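Q: Given these sequences and hints, build the entire structure.
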Amino acid sequence: MSVKSKIRVRIAPSPTGFVHVGNVYGALFNYAFARKNNGTFILRIDDTDQKRHVEGAEEVLYSGFEWLGIRWDEGPDKGGQYGPYKPSEKIDKYQKIAHDLVNQGLAYEEDGAIKLKSPKKDFSWNDAIRGEITFPETEVKDFVILKSDGFPVYHFNSVVDDIEMEITHVIRGEEHISNTPRQIALFEALKASPPVFAHFPTLRNSEHKKLSKRRDPVDLRLYREAGYLPEALVNFLCLLGWSHPEEKEIFSINEFIDKFSLERVRKAGPIFDSKKLDWINGMYIRQLTDDEFIRHLKTHLSSDTNDEFLGKITPLIKERINKLADAEDLLKFFWEKPQVEKPLFENEQSTLHIASALETLRKVPGWSLEEINSSLKKAIEEKGFKTGDFYMTMRLVLAGKKVTPPINESMEILGKEETLSRLETAERVMTFSPR
RNA sequence: GGCCCCAUCAUCUAGCGGUCCAGGAUACUGGGUUUUCAUCCCAGACACGCGGGUUCGAUUCCCGCUGGGGUCACCA
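In the numbering used here, the protein residues as written are 1 to 435.
Rather than coming from a laboratory, the hints here were simulated on the basis of the structure.
All of these numbers come straight from a predicted model, not from anything done at the bench.
Fair warning: there could be bad hints in the mix.
Keeping only pairs whose Cα atoms sit at most 27 Å apart, straight-line, the calculated DSS-like set for lysine-lysine is [as the list claims (entries may be wrong)]:
(1) Lys298 to Lys402
(2) Lys115 to Lys275
(3) Lys115 to Lys147
(4) Lys115 to Lys210
(5) Lys210 to Lys267
(6) Lys267 to Lys248
(7) Lys121 to Lys141
A: Shown next, in the form of structure tokens:
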């Protein structure tokens, strides 16, 4: 057994008021790396930008990650031996360290701020994902570490915190590659050995650009509201820049942890393709038990619905939606009478279909699915209708659209009275509306 | 523009010198099942950016080019 110090990784989102999918992506890699290696996963909320302070932002962060099932071992909410986990609570510490640097001649004051003197040398490190990376010395110039308002600049508090929290691996997006030389300079000025750096690729939009807050759907809540299941979103994100060793597409976060390694992380920036997300989500929806499905569905329907109704429609729509929010459109006609207009029924036979359905259904003694099925089947045969045409008319009459759940099942759920009523309305429209 | 990173189907990817006239998945197209749609099943089309090397042999290694991306703040 080696006596290597325990692996400690962290994510350091800033409290912007929403969880960025890119942050989730990075959290996943850190989380998996920590769990896989029996290490510690830390949440640090980078809140040094007082100007950008957003009310309730911390809660948004906690609830977002809780929804996803990603848990940290140390953090502002959890506590830990290395706190505080919010830089804003240790400003005096950064100030002291910055002044120490000045006293040592490694930094100096300018316009009320403190700047680190650039060590005139090349900077290179062995990136755990990308290998050797080198920046020429001309790239690292003197830079501000403590602003004139006394607050540390990101690079500074980040490095100080990483040192104090004994972070062993900094796993973050490639947009930080060019920040790394300056941070290494800081680690060295503070007489600490830099952690292992690993830069994973940045998620791109369909234009191949970094996901942008302005034009791309990056807010985690959007996905939750649209009816994506957290397991599906996580699964999808795992497949970007990383692939399962056995080329599996559907797997749990625990399996991800089990199979994870930085070596399998690709360097090229993947595109966030929601089509594939939809497919994965559909797979997860279909894997849900009916009870689970109902529980999720309830939060995505506008109408008050009872469990009996939900129990009946579940098998009708579970295979027909990819996102929970899609259910609403498919089910709306149950609680909302369709707009029935004559132009909808271009089929010559429509009038006959409706009359025949009315005649047949009125005579059905009970209202079981079997009775509806068999009586309608008999009527279709007797009248010589084309089955597909007949049922298309039923769809249009009862739901007002061509795409619906199975229509006989829908009639059963709608009830005899409502079904007949909608058929009668249609008959009236067909008879009296001018052509 | 300087610096840095990257480069296999439309997209996510497998591939770590011969096993690849390149495999899987999504999307797409066609077909089957089916009262619509969907699910499911089957089939099909689609890629190693270009040019030099190295090698008996390059998708795989090296260099250049091209292309894409990121970053250049008293933002994080």
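Q: Now look at each hint and say whether the structure bears it out.
A: Comparing the hints with the structure gives:
| no. | hint | in the structure |
| --- | --- | --- |
| 1 | Lys298 to Lys402 | 25 Å, holds |
| 2 | Lys115 to Lys275 | 47 Å, violated |
| 3 | Lys115 to Lys147 | 9 Å, holds |
| 4 | Lys115 to Lys210 | 30 Å, violated |
| 5 | Lys210 to Lys267 | 14 Å, holds |
| 6 | Lys267 to Lys248 | 20 Å, holds |
| 7 | Lys121 to Lys141 | 10 Å, holds |
Violation of the numbered hints given earlier is confined to hints 2 and 4; the remaining hints are satisfied by the structure.
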